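Asks: Below, each chain spelled out in residue letters.
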Amino acid sequence: MSEGIVYWLQQTLNALQLGSIYALIALGYTMVYGILTMINFAHGDVFMVGAFFCFLAAVYLGLPFVPTLLLTMLGAALLGAMIERLAYKPLRHAPRVSAIITALGVGIFLENFTLALAPYPKNIPALLENVTWDLGGVSLSSLQVIIIFLSLGLMFLLDYVVHRTPVGMAMRAISWDKTFVPLMGVPLDLIISVTFAIGAGLAGAAGTMYALAYPVIDPYMGIMVGWKAFISAVVGGIGNIRGAMIGAFILGGVEIMVTAFFPSTYRDFVAFTLLMLLIVVRPYGILGQPRTQKV
Amino acid sequence: MRKALSLLLFSVLVSLGVAAWGAEKAIKLGVIAELTGDMPAVGASCRNAAEMAVKEVNAAGGLQVGKEKMKVVLVVEDNAGKADQSAAAAQKLITQDEVLAIVGPNASRYAIPAAEIAESSETVLITPWSTAPKTTLDTATNKPKKYVFRACFIDPFQGGVLAKFALGNLKTKKAAVLYDVASDYNKGIAEVFKASYEKQGGKIVAFETYTTNDKDFSAQLTKIKDAKPDVIFLPNYYSEVPLQVQQAKRLGITVPFIGSDSWGSNELLTLGGADLNGYYFSTHYAADNAAPVAKKFITDYEKVYGAKPDDVAALTYDAFGLLFDSLQSAGKADREAIRAALSTLPSYKGVTGDMKFQADSRDPIKSAVILQIKDGKFTYFTNANP
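Keeping their order, the protein sequence lines are chains A and B.
Residue numbering for the first sequence follows my numbering, starting at 1 and increasing by one per position.
Residue numbering for the second sequence follows my numbering, starting at 296 and increasing by one per position.
Isolated chain B (complex conformation) (with noise of 0.2 Å):
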């Protein structure tokens, strides 16, 4: 009896070893998300899908890393829709939390500072959603960064692709763009779209700017009107478009209107409504046309969360898929490891289609589609490539 008790609290005291030694040795991963601030939905699709992926992996028992099978842990913190707080949350993550690897920020407004800060702590850094170039090149010698990886395509790529839709599918021989001069992600591919539908025959007849939190564009809007154009970019966020769509029509603008990657969250119908029925956009996958593997993180995430997913959580999914598979053929939980896996990782399937990194680039190879929106859904129109 006496034998059986100690013997007990040895299997006990053993246990609870293992159970404090694993703890130890679990993978802390970090989020930074735009929670709070002037896009809320991208930050809730990230942290989403997140939770989804990391919850997926430790149900499976775990990752394979070496020969242990470790836990993962998610750390999120808000960026608020600050540059700032983008950055702080970055040095966070890193110095203080100790992630191995960073997932975000989204927007490239608050993606390029956290990738500064990623960069100078040799930390890896995936962003999901930020297209601007910049992001992953060095602001010095404008080459890539080591640490700054990111899982979408980039704009010069998307404004191509929207250009030659525009003359191509649209027909159309004048255009006009209004766009936030004080972002980087809507000025970035707003200059691309002009060179890119320039180069290619068409002509920009009104290129046209404000500042973010602005409501009001009649003025803008009035100068684009008197220059006739077919068709009007508006590379713009989710929450500003309606607005500017609206007034558009307020002020009797017939002509279409095309956006980019920066439309494809749900809240664009639930604030837009009627009035964007039948306009296009360029983003990273279109969920009623997906590939067997994107099909069951489809539903599960529908399951979950009760919405379809929209680019950002299919595109952190699969910015996480990314890191976990790096992570094993790693064979080690080390940030400088996971770099050298995921610069070598060869074809990764993932939901937004395959995505390969090139030696000399942080930057994957892969396609766009086209949506359009139809009776308040996103529906998919063609693949696109320029």
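In isolation and in its complexed conformation, chain A is listed as follows (with noise of 0.2 Å):
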């Protein structure tokens, strides 16, 4: 293969890894935001607790890869759903912007109650042995395989729960309508818990394949990432399962793509300007369709 060719690939593939993680971060802000129409500004710290969980269980527990994973789900998913029963419900008729502000705090809660336990940056240990191939010249180690393999098994999973299972029916009644469809039999709390839970669930496996591919880890990593996964749902049109995706692996990809072909300086410059630029054309997001708003 040629070099340029090569070289294109190699990105490609950095890109892939990339999106796959902002998107299964992404899928949770959209989850939410689709059903309360709520941004939980928590859910970046939530999948930086993921990676703690990742931790405890590979280290203190000893667990090999997928108990590891499996274990770190469900603590997510709990947690989760802890936090909206405790933090949100309450809310759930207050003004809008009550409930952001407490999602902000309990974002600043989990890092520095993070923090309190885990001041210094912690190793994950490679739960994978990792084999790097040599495809002429294009490096794919087996890491980059499982993240971008094991998090479009999830997404399809989901889309599949959400399209195809009468839990995820119910999901969609209840973003249509809060009102008159816990009349007809739908249980509201338990399908608003579930959402956060699977959410939640999704942010851990995240936080786990993050930790392998960056084994370093500490309370503020999912800040900046957790931005992203947001801006990433933005794009694909908040609300919308399969326009988070998108969204994300477009935003990994213009991050990667950006770097790789301008000087790395201007990486957020350029990014961030595409994607504005991309929302000033179309304001809803690539799958977003406009609401009317009730009076």
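Just so you know, these hints were derived from the structure itself, not from any lab.
This one's a predicted model, so the numbers in the text were calculated from it and none came from an experiment.
Each statement offered as a hint is correct.
Pairs of lysine-lysine residues, derived as DSS-like cross-links and limited to a Cα-Cα distance of at most 30 Å, are as follows:
#1 K122/A with K669/B
#2 K366/B with K441/B
#3 K122/A with K377/B
#4 K482/B with K438/B
#5 K644/B with K440/B
#6 K122/A with K603/B
#7 K627/B with K362/B
#8 K627/B with K387/B
#9 K178/A with K89/A
#10 K651/B with K350/B
#11 K366/B with K651/B
#12 K468/B with K482/B
#13 K122/A with K544/B
#14 K366/B with K320/B
#15 K122/A with K482/B
#16 K459/B with K651/B
#17 K590/B with K644/B
#18 K350/B with K320/B
#19 K466/B with K544/B
#20 K598/B with K122/A
#21 K122/A with K672/B
From the two separate chains plus the hints, produce the assembled complex.
Replies: This is the structure we're talking about:
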């Protein structure tokens, strides 16, 4: 292969890996927004706590990869559901701003709670034997393959749950109407809890994979990644699950490709200018639908 | 009996009075350390060494300042790894705690704002570890600040040392650099290294950046791999270097890495493990090849804190040594007197080597060492001068 193509392929792989992780987190933002029209700003920190769960399971329980992943997802899902019950549910009928402030507060709480327990950055042991294959100059690591395919798998599973199962149907119904759907026997609180749990569980999975790919974790790691995932969700059309995935791969791709072909100092500047232009052209995001506001 | 009782009462009162008066006359020194945030290991080393230095002086009965023996009281502030909180901590120490002098912060991006406050409030600040030239220079005139000193060498020196090492000892011809463009220290030393490496006949084939808190460096590293360097220079902090090296290896990069004094924390070994084996970095002192003065400090520190002191600990200890010496030679506990004494201090024999401030500069003249990471330990490799 010519060197140009090798370089391009390598950067595409890098973009797919970054995009997959953004996508898993972006799903949590978009699901919660879809159901409650609320932006859960604590979601990036749930992702961070997920990475710490992974650390606990891997180091203190000495578990291998699959149980670590499952335990982390379960732990994060419980955390997400608990946050909803304790912090957001009492505010469901309060003004929108109160819920957003609470979400920011929960995020800061999670950061500082983790900081109090683990002030030092932690190192995640290699749970998987990493093999790097050289495919005609393109380096492909087993970790990259696992991250990309596991993320895609989880996304298709979620897409199936939301569009093909009774729980998913209930979610979609509640996102449509919160007053009359419960009258038809759909348990509102349960479905909302399940939504938070699924979103947080995916963030837990993202935390595990992130911790494997970038094995130094600290309590502030969720902030920037959380923002980027949120931006992905908005670009894709917030509230839309497939949109969030597309948005995440676009953001990951733009970030990597700007660095690849421009001086790396321009990365955020060029990347975010492009995203803003996209929002100007499509204010509701790529797959978003304009919603009529009820007055 | 009554007389004896009143005598006893009198002596109790006197001793209480003396104690109160003594407490009032204690010397208050401030420390600003990165206890939380992205480099807590740096802050912890700084605080540990500061507490040790003060404990030693107090155990010896205090400092002889003029005619009195004075105890030293330490006030430690956390800057939370933030520039604004560093400035706020300096402000608090100077106005609220009324300290005589400040030691810290350590990282240049925190030391620079704190130094501005110290300079404008006319209080001596010694930064143990900030190697960026800007820290001790006046922003407006680019002349040395009056009140800000450091206990370490500066980056133009360190960058030159590293460029010479990469060309001479490692026999490289093409180098790549990956650095944090949002951090004063990383940016400064990356630029000095580039200039110095090119001046000495080498070629910089890739000069890539990222911003603080990035974890994914794959795009930049792919670009670096494409440029085919002989060596990669990572002038970045200890929590980021392991990620950069691991990702580079995953991308199939096999050339060696070199680093600067920001690598010198024991945490680097914990986070990086075997991935860093064999690489070199420049720093302030080598614990396994230290002068006799340093030996006692190293054993004492290991006894109390259970780990070898890193360069931040050694430099903090030296910063306190400098302060104690200048207080004694000043003969009075006064901010201005400390400054005058410090700038005219004859050569000081510290843990990190001999140092002396030149008349027109706040940066001491001292030499650097190159360490190699070998079997999970920092090992002395060579002394270095540009």
